[in-house]
Amino acid sequence: MNNLSKVLLYLALSPLAGGLIYGLDRKFTARLQGRVGPPIWQPYLDVLKLFHKETLVVRKSQNIYIMFYLIFMIFSAVLFFAGENLLLVIFALTIAGVFFVLGAFKASSPYSFTGAQREVIQMMSSEPALFLSAIGMYMITGSFYISRIASFGEPLALYLPGLLFSFIYILPIKFRKSPFDLSTSSHAHQELVKGLTTDFSGRALAMIEIGHWLEIILMLGFSWLFFAANIFLGAGVSLLIYFFTVLVDNTFARLKWQMTLGSCWLVTFILGAGNIVVLHLIKR
Amino acid sequence: MYLIIFLIVFPVFIAIVLLSVKNDRIKSCIIQAAALLISLGAVMLFVLSYHHDIQYYTIRTSIPDKAMFVFELLLAAYMFYLGLRFKKYRVSILISAQALIMIFLRSSVLKRASLIDSLFIDKLTIIMSLIIGLVGSLIAVYSIAYMRDYHALYKGLKDNRRFYFFVIFIFLSAMFGLVLSNSLLWIYFFWEITTLSSFFLIGYSNINAREARRNAFRALEVNLLGGLAFALAIFYFYSRAGTIEMDDLFTMKKAAMMLPVALICFAGLIKSAQLPFSSWLLGAMAAPTPVSALLHSSTMVKAGVYIILRFVLMLQSSQLGFFISLIGGFTFLTASFIAIPQSDSKKVLAYSTIANLGLIALCAGIGTCEAVWAAALLIIFHAITKSLLFLCVGVIQDKLNSRDIEDMSGLIVTMPKISIMVQVGIAGMFLAPFGMLISKWAVLRVMVDYNPVFSIFIVFGSAAMIFFWVKWLGMLIVVKGEPQNMEKGIGSVIWGPLFILTALTIASVAFLPVISKVLIEPIILEIYGQTVDISHSNIIIMFTMMGLIMLFPLAFLGHGRWVKVVGPYLGGANAGEGGAFYASLGQVKNMEMKSYYPEKYFSETVLFRIGAAIALVLILAMFAVAAL
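So the protein sequences, as listed, match chains A and B.
Residue numbering for the first sequence follows this note's numbering, starting at 140 and increasing by one per position.
Residue numbering for the second sequence follows this note's numbering, starting at 37 and increasing by one per position.
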């Protein structure tokens, strides 16, 4: 029961924290660009406002997919906080992603359609790094259970530097940041308008936002696992990684999908898979 | 015992009856009744033998052996003639080599006249029979209407349907024989029958007769190579050990028998279309869709992995097993990559079949009990979902006159039921928590303990899978304009198999723990004397996911409320309600949406060539380690 209430508490806090981090992100970005920027609680205000807006759709059922995107996002967050199997968390995230993409397909609008196509490419680019990281963690700790991985005595990053690097490399995809913000972008210079989310509005868009906050938290949690031996170190490094991607976001131009897929897979293959091969050889 | 004989002989009987029936309606009735009886037979086999240990059956007369001998010679002579007539001399050479070995083997086995346990039933056999019986006969029923429409569509073709159904039922009989035989000579006999039937089915008068013939000969040639390997294996085994019973092979000292096992596994790899021998299965696409479904999903290709799985104890922690896993893993990766730029739905299905069989071969090569658990799970799920997808594509092709995935946009409106079935099938192929992902999860777990380096194949391969499946799924639900419903005129013999297969797909996931406990764990227990433990908390989690996905259709009940429908965003230049817009010179244009098919980066020819070359090296290495 104690465990359950903990999970629920985390679950309630994580969108708030995600929103807050996103608010800080926007402030930080603004300062980098020489603007004052919105207050850090602006993301909450945005979402609250979206809930009061009229929900426009192109196809009647498109928002159902988004609802299930959010449901599966929440589900994977619950799994994560409950310390469950990391592979299953990644699978649940994949399902969530698939629902999101399907929603965009369903919207049947050219911009969201192209955004959806690109989003699938992004999923394909980022997935190997996630799975390989989980496998690397298993090789060190002997378990896929997050609770066991987190309670491992030493920082896993010591053993998994290549995997950590490839994980950080694909993170902009998950945070929807440049250079990998092909499918939808928070910047106003997107050639696809808002890509994936072009034809979503009102409540659906609000759900997408909340889902994104959860994704931020989950990915930070994932990077925390690399340093989980020390909670403060882990939290600190995770935040550092986040703001590093913000920095990258503001300094790099968007890449084409060819470069996105190619570079992600190359980095994952050489550093990530290489790390696993080396570990395997040492362990034998 | 009688049930086994029924399963093998009854389809032959029906085949012969069908050859002589002209009337369409009577034929249809016979096929449906036969399909029902065959599937009932398979279920009965399950019910009656489930609680027994492995049972061996001795045939006390040599008549079947003699008959097989005669048939084999006749078939060999026929294939020899075929090779000469169509100037495919390799076929003639391969078949004469096999015939020579067989004449020697058969005659010396017959001379010894010792009693042989020719038939047997164990848990793996039961599963295979269930798959062949259920899926195979559903495909046969579906064929009735499909082939009728096929010939209505292509008027110029010679209507040879009697022969078609003859071959289909012979094929089913051979598949039953293959999985129920313990005598290697019997397995070989049935093996050759499946090869020859697939030749006829692939070559069945197609729109492009020359292409069909070429593909049919390619399949024949490659599979005869496997047959030759099989014959050599039996020969080697017989000359060393003096027996032709498969179960004796298991009790032999491992090292001495590696070569015959390698040869049999080689034949298995060919039959399940692993690289570098995948091309015959792709050629099989030219055939009518039910044939593709039959060859791809439930029968032919499964025979290959079945025979490899039989030798799993010999493969476990052996060099040979390592190479088989490597070939499987490599095939999985390459085939998934090649599928990325394909827009021909049948080709996507073909490559995903090859990929999934690679996954099964990978597990079989590893040979631990968890690996076999995953392999058996994959066999079941793949048989059901793949045949569902094939049969759906057949209907779609019939109606749309195209099987291009791009043409399937709006299918959710034009053919809602078919579209939903395809969606279930695709979800079953790759999306958690439906079957295939459960199995993939299991495979990944197995891999990590065995050799984490293998998991790299799986991780990249399944990332590629997401791409082509999601894109297809997306195309199904995109809507352009307001199309008409085209589902009218699809008969009940088509709907029936489709509904059953859809239900089976969903049920196989919903009852995963039951399937694992009742069907798969006994196999493991029988082979290893122990069971795998699958963490129950994980099963519960997958169940929850499943439940959540099951809610998805329910969510559509209230759809369309609280929302306002508008046109899509078209740069603010919408012309009217639909997808039209004002182009730069003010003219009204309709929007177009096309998917990404990165042909340039995942070129089929290049990838296939590289993949085949590497796989060939691996095959040679496999024989090298087996011979040493």
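Please note that a few of the clues may not be correct.
Claimed, not checked - Selected chain A positions facing chain B (Cβ under 7 Å, derived; list incomplete):
#1 L184
#2 D185
#3 L227
#4 S248
#5 Y250
Derived by calculation from the structure, the hints in this document are not laboratory data.
Glycine included, C-beta positions come from ideal geometry on N, C-alpha and C.
Going through the hints against the structure:
Of the supplied interface hints, the one on L184(A) is violated, with its beta-carbon coming no nearer than about 22 Å to a beta-carbon of chain B, more than 7 Å. For the restraint placing D185(A) at the interface with chain B, the shortest Cβ-Cβ distance is roughly 19 Å, beyond the 7 Å limit, so the hint is violated. The interface hint given for L227(A) holds, since its Cβ lies 5 Å from the closest Cβ of chain B, which is under the 7 Å cut-off. For S248(A), the suggested interface contact is upheld, since its CB lies about 3 Å from the closest CB of chain B, less than 7 Å.
Because the beta carbon of Y250(A) sits about 6 Å from the nearest beta carbon in chain B, less than 7 Å, this interface hint is met.
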